[in-house]
Amino acid sequence: MYTFQLDIVSAEKSIFSGSVKSMVVRGELGEMGIAPGHAPLLTSLKPGSVRLIDNNDQESHYYVSGGMLEIQPHTTTILADTAVRAEDVDEAAAIEAKEAAEAAMADQNSEIEYSRAAAELAEAVAQLRTLQSIRKKAGK
Amino acid sequence: MAVGKEIRTKIGSIKNTQKITSAMEMVAASKMRKAQDRMEATKPYSQKIRKVIGHLAMGNTEYKHPYIIEREVSRVGFIVISTDRGLCGGLNTNMFKDALKSMKQWQDKDVEIDLCLIGSKAGAFFSRFGGNVVARKTHIGDAPTVTDLIGTVKVMLDAFDEGRIDRLFLVHNEFVNTMTQSPRVHQLLPVEKDDDDDLKHHWDYIYEPDAKELLDVLLVRYIESLVYQGVVDNIACEQASRMVAMKAATDNAGDIIDDLQLIYNKARQAAITQEISEIIGGAAAV
Chain L
1 MYTFQLDIVS AEKSIFSGSV KSMVVRGELG EMGIAPGHAP LLTSLKPGSV
51 RLIDNNDQES HYYVSGGMLE IQPHTTTILA DTAVRAEDVD EAAAIEAKEA
101 AEAAMADQNS EIEYSRAAAE LAEAVAQLRT LQSIRKKAGK
Chain D
1 MAVGKEIRTK IGSIKNTQKI TSAMEMVAAS KMRKAQDRME ATKPYSQKIR
51 KVIGHLAMGN TEYKHPYIIE REVSRVGFIV ISTDRGLCGG LNTNMFKDAL
101 KSMKQWQDKD VEIDLCLIGS KAGAFFSRFG GNVVARKTHI GDAPTVTDLI
151 GTVKVMLDAF DEGRIDRLFL VHNEFVNTMT QSPRVHQLLP VEKDDDDDLK
201 HHWDYIYEPD AKELLDVLLV RYIESLVYQG VVDNIACEQA SRMVAMKAAT
251 DNAGDIIDDL QLIYNKARQA AITQEISEII GGAAAV
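Protein chains in written order, with our numbering: chain L, 1 to 140; chain D, 1 to 286.
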């Protein structure tokens, strides 16, 4: 019985790595089963489970929230997304990042105040340290 | 005994500080190990995706994605990754210095700069220093997810798509080892070509739906994974740097305590000697 090497990786971690006999994934254009010796293929995946049968005929399931499937002559890789990606969700995140930048711009006063206070504090600490070293010399 | 009260209080307070710094050192050491693991875990994804992109770009000469084409530079974008918290030695400062150096090179050529800041230290630094901040993300924590970064990356990618920026750089600290972290500036967009011989395969993929759409998605994922890697790398650097800084602080506190203890003992002895001589002097007078 032939097997092929399968790696499921996401940007955050490696999810699965090992040799499998076959697997079934949800591709962009429908479900597909992959057996050893499949032609090189590149396709995007829909959120769904990856069903695979390993060397010991054990069936296991992994959930991927979309991603890419790449089949090379000897190895197969699933580049899994870590979260369900949708245009409007991404857009909302982008707007949030922009707003955070704008809010920080508007709030610059408080940061300047803070940095002034920090500078004053640093000066006071330096003075204290000088005093201490003078005292230390006098002590010796 | 009244003589050394001040010194004793001082020793007490330094001892308390020492306890805190040594606790922080230990916390940073354990967090660093986890951060290093996380850093390792991100590598396979970006390596794989880079290979696929290289293959796609090679195989599809008729379609050139905008992310691959070099263009005239009139404005550049910088994504600067800093830590959220301080007390980690010169980590952020060194990185900002490098970032400013490379920004200066662009400014000398009359190229304007847009900034995207990740981490609160970068926010604080650039609000003092000035700069056009277009996106910002703070409080990413010790275990960030890609989802945390999608927004900031998208702002910059959109800017690139719309032609508002012509080049995109990423600035972060690179984890070399526990003692060494070096700031690094590297170009994200346009994607630099990688002349790897491995990529010159003699076979081509079957594409579903088609190569162009796949390339679009892959390139975005690739940039995201690089930024994510930068963030994770920077966290490992933060913990390593904090560990070293806190170790130095703990050692320094120990030195100061030793010195103060010596002064205290001397003062105490002087006081005793004086008392004895006073008693003897008194006895002699009687």
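Take the hints with a grain of salt, since some may be wrong.
[To be verified] If you want a taste of the chain D side facing chain L, the calculated C-beta under 7 Å gives, among others: (1) Lys48; (2) Val191; (3) Glu208.
[To be verified] Here are the simulated EDC-like pairs of lysine to aspartate or glutamate, each with C-alpha atoms no more than 16 Å apart in a straight line: (4) L:Lys98 / D:Asp255; (5) L:Lys136 / D:Asp255; (6) L:Lys136 / D:Asp258; (7) D:Lys64 / D:Glu192; (8) L:Lys137 / D:Asp258; (9) D:Lys43 / L:Glu12; (10) D:Lys48 / L:Asp57; (11) D:Lys48 / L:Glu12; (12) D:Lys34 / L:Asp57; (13) D:Lys64 / D:Asp210; (14) L:Lys46 / D:Glu213; (15) L:Lys13 / D:Asp37; (16) D:Lys212 / L:Asp57; (17) L:Lys98 / D:Asp148; (18) L:Lys136 / D:Asp148; (19) L:Lys13 / D:Glu40; (20) L:Lys137 / D:Asp148; (21) L:Lys21 / L:Asp57; (22) D:Lys10 / D:Asp259; (23) L:Lys98 / D:Asp114; (24) L:Lys46 / L:Glu87; (25) D:Lys43 / L:Asp7.
[As the list claims (entries may be wrong)] Only part of the chain D face toward chain L is listed, based on derived beta-carbon distances under 10 Å: (26) Gln105; (27) Thr152; (28) Leu157; (29) Pro209.
Hints in this document: simulated from the structure, not taken from any laboratory. Note that the Cβ used here is the ideal one computed from N, Cα and C, for glycine as well.
Against the structure, the hints come out as follows:
Because the closest C-beta pair between Lys48 (chain D) and chain L is about 5 Å apart, less than 7 Å, the hint holds. Hint status for Val191 (chain D): violated, given a least beta-carbon distance of 16 Å to chain L, over 7 Å. The interface hint given for Glu208 (chain D) holds, since its Cβ lies 4 Å from the closest Cβ of chain L, which is under the 7 Å cut-off. At most 16 Å may separate the alpha-carbon atoms for a hinted pair to count; Lys98 (chain L) and Asp255 (chain D) exceed this at roughly 48 Å.
Only pairs whose Cα atoms come within 16 Å are accepted, and Lys136 (chain L) paired with Asp255 (chain D) is accepted, the gap being roughly 13 Å. Proximity of Lys136 (chain L) to Asp258 (chain D) is assessed by CA-CA distance (about 12 Å); at most 16 Å being required, the pair is judged to hold. Our distance criterion of 16 Å between C-alpha atoms is met by Lys64 (chain D) and Glu192 (chain D), whose separation comes to about 13 Å. Annotation: proposed proximity of Lys137 (chain L) to Asp258 (chain D) holds, straight-line Cα distance about 15 Å (limit 16 Å).
A threshold of 16 Å between alpha carbons decides the hint, and for Lys43 (chain D) with Glu12 (chain L) the separation of about 9 Å falls inside it, so the pair holds. A hinted pair counts as satisfied when its Cα atoms are at most 16 Å apart, and Lys48 (chain D) with Asp57 (chain L) does not qualify at roughly 27 Å. For a cut-off of 16 Å, the pair hint linking Lys48 (chain D) to Glu12 (chain L) stands: about 13 Å separates their Cα positions. Between the alpha carbons of Lys34 (chain D) and Asp57 (chain L) the distance comes to roughly 34 Å, so the proposed pair goes past 16 Å and is violated.
For the proposed pair Lys64 (chain D) and Asp210 (chain D), the alpha carbon gap of about 14 Å is at most 16 Å, so the pair holds. A hinted pair counts as satisfied when its Cα atoms are at most 16 Å apart, and Lys46 (chain L) with Glu213 (chain D) qualifies at roughly 14 Å. Of the supplied pair hints, the one linking Lys13 (chain L) and Asp37 (chain D) holds, its CA atoms being roughly 9 Å apart against a limit of 16 Å. A distance of roughly 37 Å separates the Cα atoms of Lys212 (chain D) and Asp57 (chain L); the hinted pair therefore is violated under the 16 Å criterion.
Simply put, Lys98 (chain L) and Asp148 (chain D) have alpha-carbon atoms about 14 Å apart, close enough for the 16 Å limit, and the pair holds. Between Lys136 (chain L) and Asp148 (chain D) the alpha-carbon distance is near 51 Å, which puts this suggested pair outside the 16 Å criterion. Restraint check for Lys13 (chain L) and Glu40 (chain D): satisfied, since their Cα atoms lie roughly 8 Å apart, inside the 16 Å limit. This hinted pair does not check out: Lys137 (chain L) and Asp148 (chain D) have alpha carbons roughly 53 Å apart, beyond 16 Å.
At most 16 Å may separate the alpha-carbon atoms for a hinted pair to count; Lys21 (chain L) and Asp57 (chain L) meet this at roughly 8 Å. Of the supplied pair hints, the one linking Lys10 (chain D) and Asp259 (chain D) holds, its CA atoms being roughly 11 Å apart against a limit of 16 Å. Only pairs whose Cα atoms come within 16 Å are accepted, and Lys98 (chain L) paired with Asp114 (chain D) is accepted, the gap being roughly 12 Å. Annotation: proposed proximity of Lys46 (chain L) to Glu87 (chain L) holds, straight-line Cα distance about 14 Å (limit 16 Å).
Between Lys43 (chain D) and Asp7 (chain L) the CA atoms are separated by roughly 13 Å; this keeps the pair inside 16 Å, and the hint holds. Nearest Cβ of chain L to the Cβ of Gln105 (chain D): about 24 Å, over the 10 Å cut. The hint is violated. With 10 Å as the threshold, the beta carbon of Thr152 (chain D) comes within range of chain L, its nearest partner Cβ sitting at about 4 Å, so the hint holds. Interface hint at Leu157 (chain D): satisfied, since its Cβ lies 9 Å from the closest Cβ of chain L, which is below the 10 Å cut-off.
Hint status for Pro209 (chain D): holds, given a least beta-carbon distance of 6 Å to chain L, under 10 Å.
In summary, the structure is inconsistent with hints 2, 4, 10, 12, 16, 18, 20 and 26 from the numbered list given earlier, while agreeing with the others.
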